[in-house]
Every structure is written in structure tokens, then in C-alpha cells.
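A.B. asks: Starting from the given sequences, assemble the full structure and let the hints guide the process.
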Amino acid sequence: MRFPELARRFLELEPRLAEGPEKEALSLLHAMLQELWREVGARPGEREGLEALRNLYKKAPKMEAPRVAPGLSVGERAPDFALPDAQDNLVRLSDFRGRPVVLVFYPLDWSPGCSQQLDLYQAELPEFERRNAVLLGISVDSIYCHGAFAFARGLTFPLLADFHPKGEVARRYRVWREEDGFSERALFVVDPEGVIRYAHVSPYLHHIPPIEELFQALDALRRE
Amino acid sequence: MEPVVLYGTSWCAQTQLLRRLLERLGVPYRYVDLEAHPEVHPTLRFLTGGRLSHPVVYVGGEVLVEPTPAELERALWRRGYLWW
Chain A
1 MRFPELARRF
11 LELEPRLAEG
21 PEKEALSLLH
31 AMLQELWREV
41 GARPGEREGL
51 EALRNLYKKA
61 PKMEAPRVAP
71 GLSVGERAPD
81 FALPDAQDNL
91 VRLSDFRGRP
101 VVLVFYPLDW
111 SPGCSQQLDL
121 YQAELPEFER
131 RNAVLLGISV
141 DSIYCHGAFA
151 FARGLTFPLL
161 ADFHPKGEVA
171 RRYRVWREED
181 GFSERALFVV
191 DPEGVIRYAH
201 VSPYLHHIPP
211 IEELFQALDA
221 LRRE
Chain B
1 MEPVVLYGTS
11 WCAQTQLLRR
21 LLERLGVPYR
31 YVDLEAHPEV
41 HPTLRFLTGG
51 RLSHPVVYVG
61 GEVLVEPTPA
71 ELERALWRRG
81 YLWW
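For the protein sequence lines, the chains are A and B, in the order given. Each residue of the first sequence is one higher than the last, beginning at 1 in the UniProt record's numbering. Each residue of the second sequence is one higher than the last, beginning at 1 in the UniProt record's numbering.
Residues on chain A that point at chain B, a partial pick, calculated with CB under 7 Å:
(1) PRO4
(2) GLU14
(3) LEU28
(4) ALA31
(5) GLN34
(6) ARG38
(7) GLN116
(8) LEU120
(9) HIS207
Treat the hints as calculated values from the structure; they're not laboratory data. Please read these numbers as outputs of a predicted model, since none were measured by experiment. Backbone N, C-alpha and C fix where the C-beta goes; we use that ideal spot for every residue, glycine too.
C.D. replies: Pasting the structure below:
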């Protein structure tokens with residue numbers, strides 16, 4: 001194939017180009033060429049409809065504020081709760097006693113970090129299942145919003161509505177952001193006896209901790 | 001064959017998603033953390049039309065800016081990194 005060779009020569013020339021409009025024009029031309037690949041390769045309709053909805057977050061307002069709430073600590077008992085999922089089934093933390101539970105507090109459905117974070121967990125669902133872990137997403141969105149969000153993204157694990165009284169469970173876990181009216185991005189691994197064994201509140205709202213940390217926390221529980 | 005290179009950050013969910021996809025597909029790749037390697041920023045900006053976004057994946061001469069998993073897989077097929 002000739003393409004990789006041409007691309008390599010193009011790349012090698014970059015450090016020798018003087019800064020200025022000519023270099024910027026070449027950069028833009030190169031980026032346009034790359035975007036063409038994306039468009040040519042897509043199946044008809046692939047970038048419209050539901051896919052466009054799924055990708056709305058890429059143009060949405062950013063959510064990058066620093067952490068304000070500390071979250072509960074490792075070793076503390078995880079407060080029990082009863083919250084409805086998208087089908088209005090009441091889900092209690094204590095329903096899962098005997099299994100590890102991963103609580104995923106996230107700010108809002110459809111927002112940039114949350115969409116990507118939940119996509120990642122959905123793609124890795126077999127890894128959670130292999131560890132017998134239950135995955136529960138929690139935000140202040142309504143059950144109907146959760147239903148639409150989960151459908152659009154193909155999320156199959158429960159999303160719970162901490163909707164009324166708004167953010168009550170997030171407050172109990174000390175991850176509530178009063179000024180914003182939504183929670184921190186926070187993860188808790190609760191062991192089969194109901195004790196928090198891993199806790200992480202993102203230092204910035206758009207930061208998602210490496211998923212390997214979660215798997216390590218779950219694996220540590222299994223080794224005990 | 002040139003190695004696939006993935007530029008990203010450790011806290012970016014999309015970076016993590018694509019890294020794990022490459023690992024599942026068995027495609028060897030080099031990971032460059034953009035926070036640990038600011039020296040690559042100018043070249044990356046040049047290749048992406050001025051925007052330093054993440055993840056960016058270099059696949060046999062193609063520069064994919066924040067690709068979906070499907071877009072990355074298609075580029076891997078197109079450039080001969082997948083063949084079964």
C-alpha cells in the first residue's frame with residue numbers, strides 16, 4: 001500500500017515547516033482528509049438518528065469543575081437506600097447483600113463525561129459479571145430520562161433515580177454538590193457485607209478513574 | 001507494518017474504552033499519555049487541524065480524532081491490522 005508511506009513522509013516533514021499560515025493550511029488540509037475517511041467509511045444513516053443523539057455530548061457544554069465533596073471513606077458502612085430504576089422497580093442496596101456492588105454516582109444523563117463513562121462500563125460488563133459484581137448507576141435524573149438515556153446508549157445495567165427528595169442518597173454518601181444540584185462523579189465498591197472497600201471521588205468532574213482500579217478492588221475482595 | 005499509536009489520558013473514559021478494545025482485538029499498539037509527553041503536542045496539533053483532543057489513534061497513516069469503536073475497527077480493517 002502506498003498510503004502509509006505517503007503519510008509517513010508527510011509526518012516527517014512537519015518539524016521542518018516554519019510556523020505560519022502555510023503550515024496551518026497544511027494542517028487543516030490533512031485534518032480534512034482524515035475526516036473524509038470517517039465519512040466515506042460510515043454505513044448509510046450510521047451518523048444520523050440514534051447515533052447523532054448518542055454523540056450529542058461531544059458538542060454539549062463542558063463539565064470540568066473541581067471536586068467539592070469528599071465522599072464516604074473506605075471502611076465505613078455503605079448507607080442502605082431504596083431508589084427506582086427506569087422501570088420504576090425499587091432497588092435496594094441491601095437486595096444485593098452477599099455480592100459486591102459497584103455504585104457509580106454520576107452528575108447527569110447525557111452529559112459528556114457520564115456518557116463516556118457509562119459506555120465504558122457497558123463495554124466491560126462481562127468483566128464485572130465475571131467478578132459476580134452488581135453495577136448500579138445513580139444520578140438525580142428521573143426514571144423516564146434514565147430510560148431514554150439507557151435505550152439510546154444500549155446500557156443494560158440499572159440506572160437509579162435519586163430524584164425525590166433530590167440527591168438524598170448522594171448526600172448520604174457525601175458526594176452532593178449543593179451549588180450545582182447534582183452529585184460528584186464518585187465510585188464506591190461495597191463488599192458482600194455492606195462495607196465500603198474502595199472509594200473514589202473524581203478530582204475534576206470530567207475525570208474518570210482507570211477502570212483497572214475498579215477491577216483490582218473487586219479482585220481483592222475475591223481473594224479474601 | 002507501523003505500530004498503531006493511541007494518544008490519550010489516563011482519566012479519559014474514551015481512551016480507556018479504545019485501549020481495551022485494541023487489547024480485545026489483539027492489535028498491538030503503543031500508548032502515549034498526553035500529560036506525561038507534552039513534547040508530542042505540537043505534532044499532534046498539526047495532524048488534527050490544530051485541536052489537541054483525546055483520544056487520537058494513528059493507524060497506518062490515518063489519524064483518527066475521537067473515533068467511535070466502529071470507526072476505529074473500520075480503520076484497522078482498511079489498513080490491514082485485522083484480517084480474519
